[in-house]
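Please arrange chain P on chain H, whose structure you already have, making use of the hints.
Number of protein chains: 2
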Amino acid sequence: MRRAALTALTATALFWAATPAPSQPPTKAGQPPAVVSPEVRPDRTVIVRLHAPKAGDVALSGELGRKPMTKDDRGVWSVTVGPLEPDQYSYSFTVDGATVVDPRNTKLKIGRGSFVNLVEVPGNPAQDLRPVPHGTLHVHRYESKALGGKSRGLVVYTPPGYETATDRHYPVLYLLHGSGDDEHGWTDVGLAHRILDNLLADGKAVPMLVVMPDGHAAERSANTQAFEADLLGDIIPLVEKTYRVRPGAENRAIAGLSMGGGQSWVIGMGHTDLFAYVCPFSMGGGNAPAVLSKLDPAETNKRLKLLWIGCGRQDRLFGGSERLCEELKAKGIHHTWHPSEGAHTWMVWRKYLADVMPQLFKS
Amino acid sequence: MRRAALTALTATALFWAATPAPSQPPTKAGQPPAVVSPEVRPDRTVIVRLHAPKAGDVALSGELGRKPMTKDDRGVWSVTVGPLEPDQYSYSFTVDGATVVDPRNTKLKIGRGSFVNLVEVPGNPAQDLRPVPHGTLHVHRYESKALGGKSRGLVVYTPPGYETATDRHYPVLYLLHGSGDDEHGWTDVGLAHRILDNLLADGKAVPMLVVMPDGHAAERSANTQAFEADLLGDIIPLVEKTYRVRPGAENRAIAGLSMGGGQSWVIGMGHTDLFAYVCPFSMGGGNAPAVLSKLDPAETNKRLKLLWIGCGRQDRLFGGSERLCEELKAKGIHHTWHPSEGAHTWMVWRKYLADVMPQLFKS
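Protein chains in written order, with my numbering: chain H, 1 to 363; chain P, 1 to 363.
Any given hint could turn out to be false.
For chains that are exact copies, the list does not tell them apart, and a pair is met inside one copy or across any two.
Straight-line alpha carbon distances no greater than 20 Å define the calculated SDA-like cross-link-like pairs of lysine to any residue that follow [said to hold, decoys possible]:
{"hint": "1", "residue 1": "54", "residue 2": "75"}
{"hint": "2", "residue 1": "302", "residue 2": "274"}
{"hint": "3", "residue 1": "305", "residue 2": "330"}
{"hint": "4", "residue 1": "204", "residue 2": "61"}
{"hint": "5", "residue 1": "329", "residue 2": "82"}
{"hint": "6", "residue 1": "294", "residue 2": "161"}
{"hint": "7", "residue 1": "54", "residue 2": "94"}
{"hint": "8", "residue 1": "241", "residue 2": "274"}
{"hint": "9", "residue 1": "362", "residue 2": "270"}
{"hint": "10", "residue 1": "107", "residue 2": "272"}
{"hint": "11", "residue 1": "107", "residue 2": "216"}
{"hint": "12", "residue 1": "67", "residue 2": "78"}
{"hint": "13", "residue 1": "241", "residue 2": "143"}
{"hint": "14", "residue 1": "204", "residue 2": "327"}
{"hint": "15", "residue 1": "67", "residue 2": "316"}
{"hint": "16", "residue 1": "150", "residue 2": "132"}
{"hint": "17", "residue 1": "71", "residue 2": "98"}
{"hint": "18", "residue 1": "67", "residue 2": "332"}
{"hint": "19", "residue 1": "241", "residue 2": "136"}
{"hint": "20", "residue 1": "241", "residue 2": "132"}
Worth flagging that the hints you see were computed from the coordinates, not collected in a lab.
Bound conformation, chain H alone (with noise of 0.2 Å):
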């Protein structure tokens, strides 16, 4: 790799002896042999490779499927999968007994405590990568007030054209990741910047900011409430002082999914007077008998634009999220229940915020 670079450089003769840096040994014979992994094939099908000679088991894992993997006489393990829904899926494998990423492909789904691969299959115009114009991702870091001067990150997507057209204001989405992530998941792994780059080419949303937190700030039980904390005394702010941004709840929305699904439900609702667009995807929790109980029914339908839950089918959290609906209707507050096909997997949440994007800010 470094030496087929180094000899990209040298347009005519090399000036010096440029040779591969001690890291980067030449290949020698008796080396691995290449390994192309992932091989995303036109007919929608995946080959996954792995060459682990001295293993005697391997399997593939993950969104991609569960599935034995065969050994080559190289000692090249593979299997093939799909045809797939365009869509991207994470992997990994199983070697005897233990989890191992691919080592062919650097496009990983990074999480707290744990890495896996990700691979794409192309074809979905919501969220391919498409010559659209393009929204700018912005990553901060601040020392949160509300939590001690703790250091968090954040990203802020701003739409295309935001940096030239100076006199404009915006309205804002916050958008909370699961428990397995961090302020980089809906991103890296939900494409957000993505889908909502081709929502605006199509015309199909207004333009927005999406502000994506670290949903993470304290442990277990007390995690909502310094979260709650950390949004409404430091994230909000930095957000209205360093973006131009629309005040007020009717260009406020907040929509989360799983563990985020739960703090956009306990925030949200707790905060109509913030918030006109609530929005939780396979909610994971929340404390909903005590938000529920105390919500006004006209109050709140007077407040909000948009309360809006969906959760797949497949999803063990389904059952909390069909009851909470039934709650809310039971008590006349005006909501859209939204059950789909999928279990606990970005492939709902991607479609979801595709769904949920077009109904904002649009009064």
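What follows is chain P alone, placed relative to chain H:
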């Protein structure tokens, strides 16, 4: 992990059954032992560990050093290194001849075609994450006209206060990565944003933008020329349209490491009308004779405010930079030759960046 975070949401009682997602089963008897890796200790030693009960031979490799590891009765291999200089180090494991990343460490250096782990030993005020005002990293995607519409990434650092100082304009450093990296290399591994945050907090540099493009524009021998076309035809116009930057060569610097050192030399010295500061680090090639032969010493000295060339004595590319500086001296072209200790590593390049940034845009 997921179970813990779900529990975190139940401020009082759960409204519905919170069960872990299928991909995150609860720990069972017979599962692998809990492994902490890496462990950075107060005496600046680092312990790395890997659970690999069936492996016959496990060793540490990378910037942490090459060392054999030993197995305990639970099947956990470990080794202690250091005490180390406060810095960031890459590492991976060699398991029965195969390169394996540390699955417990989500801090990764993701390069082109491979990835390894990173571990940081704190105590270096030049690059530690300190509670100082932080700049923002802006991640762009654009279709390069110079490269036939190719989709390209670009990372831009703006200094603290950029967003609110709406009348202020800034100089720009174009900062180029090496052949094994991409546009995220100088931040993810090079910590350029932290280094500049710290220099600014200490009053040692002037506020500037840092533009970090993707240096891979075409295959092999066509790369430097293709990258130059992208930089001059697409990137600089994008930056000057999108950001509040000062025009003119005296407000532009170009620096880079290894392959990017060669690019900064070829492009910078070929365009002293555009760049008054040229700083190749551990130059990885470049068409030095052709570039040199075209330089008019008097004109070059008049235009350039800084030509800074650094290389580590343990770098196999050292001789090339040394000979180039002898040629420059013979031609009477003003320059700073900075031979230092160190090999072809990021430990050297982070130091060079911290050395060079205070010398930019001072006049």
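(request) Kindly indicate which numbered hints from before are broken by the structure, ordering the numbers from low to high. (result) 4, 5, 6, 9, 10, 14, 15 and 18
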